[in-house]
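In terms of the numbering used here, the sequence shown opens at residue 6 and continues consecutively.
No lab work stands behind these hints: they were computed from the structure.
There may be inaccurate statements among the hints.
[Unchecked claim] BS3-like, lysine-lysine: derived pairs with alpha carbons at most 30 Å apart:
(1) Lys-66 <-> Lys-52
(2) Lys-48 <-> Lys-77
(3) Lys-77 <-> Lys-170
(4) Lys-252 <-> Lys-266
(5) Lys-274 <-> Lys-249
(6) Lys-31 <-> Lys-52
(7) Lys-170 <-> Lys-252
(8) Lys-52 <-> Lys-125
(9) Lys-48 <-> Lys-152
(10) Lys-70 <-> Lys-125
(11) Lys-96 <-> Lys-52
(12) Lys-170 <-> Lys-154
(13) Lys-180 <-> Lys-154
(14) Lys-31 <-> Lys-77
(15) Lys-52 <-> Lys-135
(16) Lys-86 <-> Lys-52
(17) Lys-233 <-> Lys-180
(18) Lys-25 <-> Lys-96
(19) Lys-107 <-> Lys-40
Keep in mind that this is a model prediction, so the values were computed, not measured.
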Amino acid sequence: MRFLSVLLITSLVFVSCTTKFGKVLKNKDYAYKLKMADEYYGKRQYKNAEQLYVELFPVYKGTDKFEELYYKYAYCSFYQKNYEDAENLFKGFLEVFPNSAKAEEIAYMHAYTFYLQSPKVELEQTNTAKAIGMMQTFINTHPGSTKIKEANEVIAEGHAKLQDKEYRNAHLYYKVGQYRAAGISFSNLLNDYPEAAQGDEYKLMVVKSFYNFARLSVAEKQLDRYQKVTLEYNDFIDRYPESKLLKEAQYYNNLSLNYIKELQNEQTKTSAER
Numbered sequence: 006m007r008f009l010s011v012l013l014i015t016s017l018v019f020v021s022c023t024t025k026f027g028k029v030l031k032n033k034d035y036a037y038k039l040k041m042a043d044e045y046y047g048k049r050q051y052k053n054a055e056q057l058y059v060e061l062f063p064v065y066k067g068t069d070k071f072e073e074l075y076y077k078y079a080y081c082s083f084y085q086k087n088y089e090d091a092e093n094l095f096k097g098f099l100e101v102f103p104n105s106a107k108a109e110e111i112a113y114m115h116a117y118t119f120y121l122q123s124p125k126v127e128l129e130q131t132n133t134a135k136a137i138g139m140m141q142t143f144i145n146t147h148p149g150s151t152k153i154k155e156a157n158e159v160i161a162e163g164h165a166k167l168q169d170k171e172y173r174n175a176h177l178y179y180k181v182g183q184y185r186a187a188g189i190s191f192s193n194l195l196n197d198y199p200e201a202a203q204g205d206e207y208k209l210m211v212v213k214s215f216y217n218f219a220r221l222s223v224a225e226k227q228l229d230r231y232q233k234v235t236l237e238y239n240d241f242i243d244r245y246p247e248s249k250l251l252k253e254a255q256y257y258n259n260l261s262l263n264y265i266k267e268l269q270n271e272q273t274k275t276s277a278e279r
């Protein structure tokens, strides 16, 4: 019985609110509608506020009330997690009001919406890259902003996600046996993130990838490809002389050196027989 009473009260409140909003929509007084839109916005009833701002947008365009209306209208989309719409509205605000006192805030929010649209690492990271670029632009154009720390955090998180994405792609090449592609991908990963904490791991994967590529190559191409392994190993030593992975890298280098010796002996023997 108590549950039915609560349900009835909730339904009556909903109908009352719906009826009240319907009356606001039908009202022809634009000043009243703007007042109510701001009230809904203040109460975090963003869907109602947005619906009114949409109607009032052309009415107040060019007036002294338009900037505040546009500002709140953009945030309605943001607070409802319609980040693509919010991104476009924040961008539009900056184009219409480039000298606004709110321009710095909106510039940050414009970049931040791309960050919020950044998908899981397995998916395409276009928005992640855009967020990084736009946050860097924000830092460059607003060096004294209180949002600099947050902007740098977004950039760092974005780079970490792109690095992880690149690592997964390289590792997938290795897993499916496309060793040349894996070697190139891990090399590119290390070039893109030379200060990465996992740098020695990436370099080891370069050595292993090119070793397996050489091992599976046709005989006439193996010598050059094993020599490539030794070059990558020497680069490993130069970069990470104290790495815990050094012994494993050395293992593949020693195998390669043995194969190089065998291949060179075979070539010498073949030449002598001729």
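To see whether the hints hold, each was checked on the structure:
Pair hint Lys-66 plus Lys-52 holds up; C-alpha atoms about 21 Å apart against a cutoff of 30 Å. Taken as a hint, the Lys-48 and Lys-77 pair is honoured in the structure, with Cα atoms around 13 Å apart against an allowance of 30 Å. Under the criterion of a C-alpha separation no larger than 30 Å, the hint pairing Lys-77 with Lys-170 is inconsistent with the structure, at around 36 Å. Restraint check for Lys-252 and Lys-266: the C-alpha separation of about 21 Å stays at or below 30 Å, so the hint holds.
Annotation: proposed proximity of Lys-274 to Lys-249 is violated, straight-line Cα distance about 40 Å (limit 30 Å). Between Lys-31 and Lys-52, the direct Cα distance comes to roughly 17 Å. Compliance with the 30 Å bound is thereby established for this hinted pair. For the given pair, Lys-170 sits about 28 Å from Lys-252 by alpha-carbon distance, which is consistent with the 30 Å threshold. With a CA separation close to 28 Å, the supplied pair Lys-52 and Lys-125 stays within the 30 Å bound.
At most 30 Å may separate the alpha-carbon atoms for a hinted pair to count; Lys-48 and Lys-152 meet this at roughly 26 Å. Our distance criterion of 30 Å between C-alpha atoms is broken by Lys-70 and Lys-125, whose separation comes to about 40 Å. Straight-line distance between C-alpha atoms of Lys-96 and Lys-52 comes to about 21 Å, which keeps the hinted pair within the 30 Å bound. About 24 Å separates the Cα atoms of Lys-170 and Lys-154, which keeps this hinted pair within 30 Å; it holds.
Between Lys-180 and Lys-154 the alpha-carbon distance is near 39 Å, which puts this suggested pair outside the 30 Å criterion. Distance hint between Lys-31 and Lys-77 is fulfilled; the C-alpha atoms sit about 22 Å from each other, no more than 30 Å. A distance of roughly 28 Å separates the Cα atoms of Lys-52 and Lys-135; the hinted pair therefore holds under the 30 Å criterion. Under the criterion of a C-alpha separation no larger than 30 Å, the hint pairing Lys-86 with Lys-52 is consistent with the structure, at around 11 Å.
A hinted pair counts as satisfied when its Cα atoms are at most 30 Å apart, and Lys-233 with Lys-180 qualifies at roughly 21 Å. Annotation: proposed proximity of Lys-25 to Lys-96 is violated, straight-line Cα distance about 33 Å (limit 30 Å). For the given pair, Lys-107 sits about 21 Å from Lys-40 by alpha-carbon distance, which is consistent with the 30 Å threshold.
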